[in-house]
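Chemist: Here is how the chains run, residue by residue.
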Amino acid sequence: MNLMMPTRREFTAGLGSIIVSFSLDPKLAFAQQAAKLPGSLAENRMLDAWIRVNADGSATIFPGKVELGQGITTALTQIAAEELDLPLARVRVLTTDTTRSPNEGFTSGSQSIEYGGTALRFAGAEVRAILLDLAAKRLGVAADTLTVADGTVASADGGKVGYGELAAAVDLHREVTANIAPKPPATHKIVGKSISRFDIPKKVTGGVAYVQDMRLPGMVHGRIVRPHVRALSSTASMRRR
Amino acid sequence: MAIQLKVNGKTWAVTAEPDTPLLYVLRNDLQLNGAKFGCGLSQCGACTVLVDGRATRSCVTPIGRLGESEVTTIEGLGTIENPHPLQRAFMVEQAAQCGYCINGMIMTAKELLDRNPKPSEAEVRDGLDANLCRCGTHGRIIRAVLKAAELAGRI
Numbered sequence: 001m002n003l004m005m006p007t008r009r010e011f012t013a014g015l016g017s018i019i020v021s022f023s024l025d026p027k028l029a030f031a032q033q034a035a036k037l038p039g040s041l042a043e044n045r046m047l048d049a050w051i052r053v054n055a056d057g058s059a060t061i062f063p064g065k066v067e068l069g070q071g072i073t074t075a076l077t078q079i080a081a082e083e084l085d086l087p088l089a090r091v092r093v094l095t096t097d098t099t100r101s102p103n104e105g106f107t108s109g110s111q112s113i114e115y116g117g118t119a120l121r122f123a124g125a126e127v128r129a130i131l132l133d134l135a136a137k138r139l140g141v142a143a144d145t146l147t148v149a150d151g152t153v154a155s156a157d158g159g160k161v162g163y164g165e166l167a168a169a170v171d172l173h174r175e176v177t178a179n180i181a182p183k184p185p186a187t188h189k190i191v192g193k194s195i196s197r198f199d200i201p202k203k204v205t206g207g208v209a210y211v212q213d214m215r216l217p218g219m220v221h222g223r224i225v226r227p228h229v230r231a232l233s234s235t236a237s238m239r240r241r
Numbered sequence: 001m002a003i004q005l006k007v008n009g010k011t012w013a014v015t016a017e018p019d020t021p022l023l024y025v026l027r028n029d030l031q032l033n034g035a036k037f038g039c040g041l042s043q044c045g046a047c048t049v050l051v052d053g054r055a056t057r058s059c060v061t062p063i064g065r066l067g068e069s070e071v072t073t074i075e076g077l078g079t080i081e082n083p084h085p086l087q088r089a090f091m092v093e094q095a096a097q098c099g100y101c102i103n104g105m106i107m108t109a110k111e112l113l114d115r116n117p118k119p120s121e122a123e124v125r126d127g128l129d130a131n132l133c134r135c136g137t138h139g140r141i142i143r144a145v146l147k148a149a150e151l152a153g154r155i
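Chains A and B, in that order, give the protein sequences. So the first sequence is numbered by the numbering used here: it starts at 1 and just counts up by one. So the second sequence is numbered by the numbering used here: it starts at 1 and just counts up by one.
With the rest of the complex left out, here is chain B (with noise of 0.2 Å):
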């Protein structure tokens, strides 16, 4: 069936049941690449977007679920010539190894700052915590996020 989506700031139809989830749509139909499939299961974080502002897990958001919801993904925050502050904070500390974490990184990140534009080290930690990175990486990744609210208080 048809179904509306509001994403990154357009809608699109798409023909689809209800019950797909939102990353199928992303990535197959929308053909966006940021949101990736890591588990399937919203247990590693990698398919993170914004529905409302709020960090969602894409691969078990159902499509029919969104009715009105904007979605935002990692492609609506900024290009590689206009970059987000976290996405530029995250090239700046060289944040990613295999970098199919990042994403929902980012993602989860962006939320975290709209709450509270000014974290200490240790509530970044607490508010990637369910994000998960096999590379290692996480070091980095904090610092990124620090540096990104840093860079977003100079703006």
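One chain only, chain A, in its complex shape (with noise of 0.2 Å):
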């Protein structure tokens, strides 16, 4: 219900915007103003926040929001794979993580592709079209005569360069515009497609799935012992293991 509210900063840009109409200059208020970012890149404005392109030609998308069964990692995947142009398997998902990942807030709401999915969606775009500015000038053409198919950007006199050749000139440490326009929804190849989730497998056999599945070095395991009458006085008592 939270993010239904304006949040902290919302409400303070707001009153901002407020003072600053009393400025003489209208050009200089709007100055102050940072503009408004689709989704979850409004609190989390970073590029490189999003996602990460690797030298073996893959991504790495960082949600800030948790795989709670609702199936968000494979959604998430596919939304960042459509507008990166790279198949599935060649996105990969980085569990969401206090210390690297954008924070998203609550997992609640059902708004995790509203606010994440938007955010990775306009990303990714601007991602792609970062490579491809990058790939013109490897191959000495012009960036809007390129072509994208799984992952290698290719000219139209036969040139070709893979994501992954561009990795290492990518520096995706800057404010995402979304100037990019994400791709029309009647041209998607991989989202709206149902495919088999991601999270199951490893449901279904036992695998690390659930926070409790985490074993970290030197973990011990607590528990409250509680009396079983309430004559008794309540003692506490934790088991080593």
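Heads up, some of the hints might be wrong.
[Stated by the list, open to error] BS3-like cross-link-like pairs, simulated, lysine-lysine; straight-line CA separation at most 25 Å: (1) A:K160 to A:K189; (2) A:K193 to B:K147; (3) A:K202 to B:K147; (4) A:K202 to B:K10; (5) B:K6 to A:K202.
Honestly, the hints are just simulated from the structure, not real lab data. As the structure is a computational prediction, the values presented were derived from the model and not from experiment.
Put the two chains together into one complex, using the hints given.
Modeler: So this is what it looks like as structure tokens:
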């Protein structure tokens, strides 16, 4: 429900615009307010917070929403693969990690695709455009004459360069502009297809699939041992394993 | 104290009190993730394993009572590469939402299919009646068990 409320940052930004509306130059007022970015990009504005291009020609995505069995790992991968022009098998997903993933707040309210999916859609489109610009320089042609299939950029005259070859040169540590339009739904080849969920095989074979399955070095298990009758004074004990 | 347990065809020695629930030993000592702690009261079925082929709630089964019994967990059925027909059927039917109950569904269905290899839909419903699923995946789960019977029949 918190997501329905304006966040502190949005609220402060709103206040800012009220205050600067009294200034004499409207252009100055405009410059002080950062552009509103779509979905969860609004709160996580750096491109490299969302996507990394790897030297092996794959990409890694970093969602900030958690897989709870709603299938978002699969769906967000489809969205990123679609925009990046990569096959599904070459898009890896980092399971949400507080030290690396963008902070998308709660995973609740059926908002993971709306907010996280929108962010990856725009970020994916922008990363693809950046890769195309780099490829155009390498191949010595204009970017708008290039085509991309399965992570390989091709020019009309037969030149080819893979995303993996561009990975070292691509710098995604920059703010998203959201000026690159994602693909229109009518052209989608991966999004909209019903595919098998990535998380199910582990869940039916006893794989590591839940937070309870994580085992950290030196981890111990604790539990409160409660008395059987009320007359006892309560004691807590921890069993070391 | 040291206790010997037979799990998935291997004998394990663990140091634990005899009243320790089998589930804790499976998860914490043997590091087997399949059986899940749900309610801890034998009410939900997420912790189900087979003890000598019978579906058993491991959260209320003290290890001291197992003796020479053979314990089978979902890890003992098959792997992602070489799944048991039940595991394959649950993948084919995409029969999991959060998936937390699925271990219990599969292990309970294992005993059911061992006793009755060609169950009717009503028999599957009846057999899984005491296993809870809060996501509401029951329709797919029932289809998966019927599919497993079909797959096993073909082998």
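Chemist: Hint by hint, say whether it matches the structure.
Modeler: Okay, the hints, checked on the actual structure:
With a C-alpha separation of about 22 Å, the suggested pairing of K160 of chain A with K189 of chain A holds against the 25 Å cut-off. A threshold of 25 Å between alpha carbons decides the hint, and for K193 of chain A with K147 of chain B the separation of about 23 Å falls inside it, so the pair holds. Taking the CA atoms of K202 of chain A and K147 of chain B, the gap is near 19 Å; set against the 25 Å cutoff, the hint holds. Between K202 of chain A and K10 of chain B the alpha-carbon distance is near 22 Å, which keeps this suggested pair within the 25 Å criterion.
A C-alpha spacing of about 24 Å is found between K6 of chain B and K202 of chain A, which places the hinted pair at or below 25 Å, so the restraint holds.
Hint violations for this structure: none, all hints satisfied.
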